[in-house]
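**Student:** Sequence:
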Amino acid sequence: MSRLFMFEKPLGMRDTLPELYEKKYRVRAHLAETFKLWGYQFIETPTLEYYETVGAASAIHDAQLFKLLDKEGHTLVLRPEMTTPIARVAASKLLQEDLPVRLAYSANVFRAQQREGGRPAEFEQIGIECVNENTVSCDGEVIALLISSLKKAGLEKFQVSIGHVGFAQELFVQILGTNGRATALRKFLYEKNYVGYREHVQALNLSSIDKQRLLQLLQLRGGEEVLSSAADIIENGQGKKAINELKELWEVIKDYGYVDHVKFDFSIASHMSYYSGILYEVYAGNVGFPIGNGGRYSLIEKFGKNASAAGFAVRLDMLLEALGGGQLENDTHCIFFSQERRGEAFIAARKMREQGQKVVLQDINGVNSLDAFTKKFAETSFLIGGRSNE
1 MSRLFMFEKP
11 LGMRDTLPEL
21 YEKKYRVRAH
31 LAETFKLWGY
41 QFIETPTLEY
51 YETVGAASAI
61 HDAQLFKLLD
71 KEGHTLVLRP
81 EMTTPIARVA
91 ASKLLQEDLP
101 VRLAYSANVF
111 RAQQREGGRP
121 AEFEQIGIEC
131 VNENTVSCDG
141 EVIALLISSL
151 KKAGLEKFQV
161 SIGHVGFAQE
171 LFVQILGTNG
181 RATALRKFLY
191 EKNYVGYREH
201 VQALNLSSID
211 KQRLLQLLQL
221 RGGEEVLSSA
231 ADIIENGQGK
241 KAINELKELW
251 EVIKDYGYVD
261 HVKFDFSIAS
271 HMSYYSGILY
281 EVYAGNVGFP
291 IGNGGRYSLI
301 EKFGKNASAA
311 GFAVRLDMLL
321 EALGGGQLEN
331 DTHCIFFSQE
341 RRGEAFIAAR
351 KMREQGQKVV
361 LQDINGVNSL
371 DAFTKKFAET
381 SFLIGGRSNE
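When we follow the working numbering, the leftmost residue of the sequence shown carries the number 1, and every step to the right adds one.
Treat the hints as calculated values from the structure; they're not laboratory data. Keep in mind that a hint or two might mislead.
To be verified - Pairs of lysine-lysine residues, derived as DSBU-like cross-links and limited to a Cα-Cα distance of at most 30 Å, are as follows:
1) Lys36 - Lys302
2) Lys375 - Lys36
3) Lys157 - Lys192
Let's have the full structure, built from the sequences with the hints guiding it.
**Tutor:** Now the structure itself:
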C-alpha cells in the first residue's frame, strides 16, 4: 500500500468517531421519535438507483452524481437525495388507494464535490414526506413538525424562512416576459448573491418602476405584515394565489402555536426544480448554511402518478453544528478484573447491565496506563487478586 493513500479518504468523505457517532445517534433518535408521534412511518430505499429513473428525475446537478455500471451495463447512481427515491416507491407501491401517505426516512446521501472546500460528499439526511395531500393544512403540518422535532432535539434558537416558488416566478414573467429571461435572477437568489442580483436588475432595459418592483422583492422579509407589501408589487395571477396560500399558511402555523419560529422571505429560491409552491429553509446559530429545507413539490408525476406532496430534510451534520460541541456526559462504569476473579466480574457486569447501566469489562493485564484509562469512565471498580484487594 502506498504511504500516500494509507490514511487518506476520497474527496469529501469523512470518518465518524465514537463521540460524534453517539451525538448523532441521540439527535437522530429525538427527531425519529417526534416523527413517529405525528404518525409518520419510516421507510428505506436502496443506496443504488438507476440513473435513467431516479438519477434523471432528481434535481441534483448531473456533475454531482456518483455513477457506476452494473454487470448488464446499466448506469447506476448513489442516491443524491431521498425525495426522488420515495416518490418512486410511493408511485409504484403506496398510492393504489389514492389516500394520503405519511413517510419518514433517515439515510446517507451522496453528492460528488469538485474540490474539498469543507463540504462532505456523503452526509445524512433525516426527514419526512406527506404524500398525496395537497392542502395548505398539510404544508402547515410539515412545517410545524419540523419546528417540533428541532425543539425536541434541543435546538432553541432557530428560524424557518418561508417563501413561495410561484411569487417570484410570476413577478419575473410579468416584468421580463419569459421564464428564460428570469433564469439569471433566479440563480442570483439561489446563491444568495444579492449584490449580483441588484447589479443585474440595474443593467436590464426596464422602466424605473419595474426595476424597483424587482428590487423590492429582496425587502419582502418579516412577519404577516409583509404579505400586504408583496401584494403591492404583483399583478393578478399566480402571484396573488401564492400570497393567499401564505396567508392561509400563517393561520395554520398560528393555530399550532409556532409563529415565533417563522418569517416570510420572498427571495427564497431553490436549485431543486421540482418545488412547485410553498418552500422554506431553516437557519440556526452561527451555521452558515441552512440546516434543513423543504416545501411543496410536483415530482411523483414523473413516475406516472398525479399526486402532490410536501416534505422536509434536515442535515444531521449541520444540526449537530448548530447544537454546539459540548461534551457528552460519561455514564459508563468500568470493572477491572484479574484472572482469579474473572467470573465474579462477569456476574457483576451482567447484573448492572440488566439494570440498564453501561459497563465495560477490562482485564487489568491489558492496560498499559491505568491512570489514563480510568479517566475515560464515570466510575471504576477493581476485582483483582483476593477479596481483600477489592
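**Student:** Does Lys375 pair with Lys36 here, judged by a C-alpha cut-off of 30 Å?
**Tutor:** violated, 38 Å
**Student:** Assess, step by step, whether the Cα of Lys36 is no farther than 30 Å from the Cα of Lys302, and give holds or violated.
**Tutor:** holds, 28 Å
**Student:** Is Lys157 close enough to Lys192, meaning Cα to Cα at most 30 Å?
**Tutor:** Distance of about 22 Å is within 30 Å: holds.
Hint compliance for this structure: hint 2 alone is broken.
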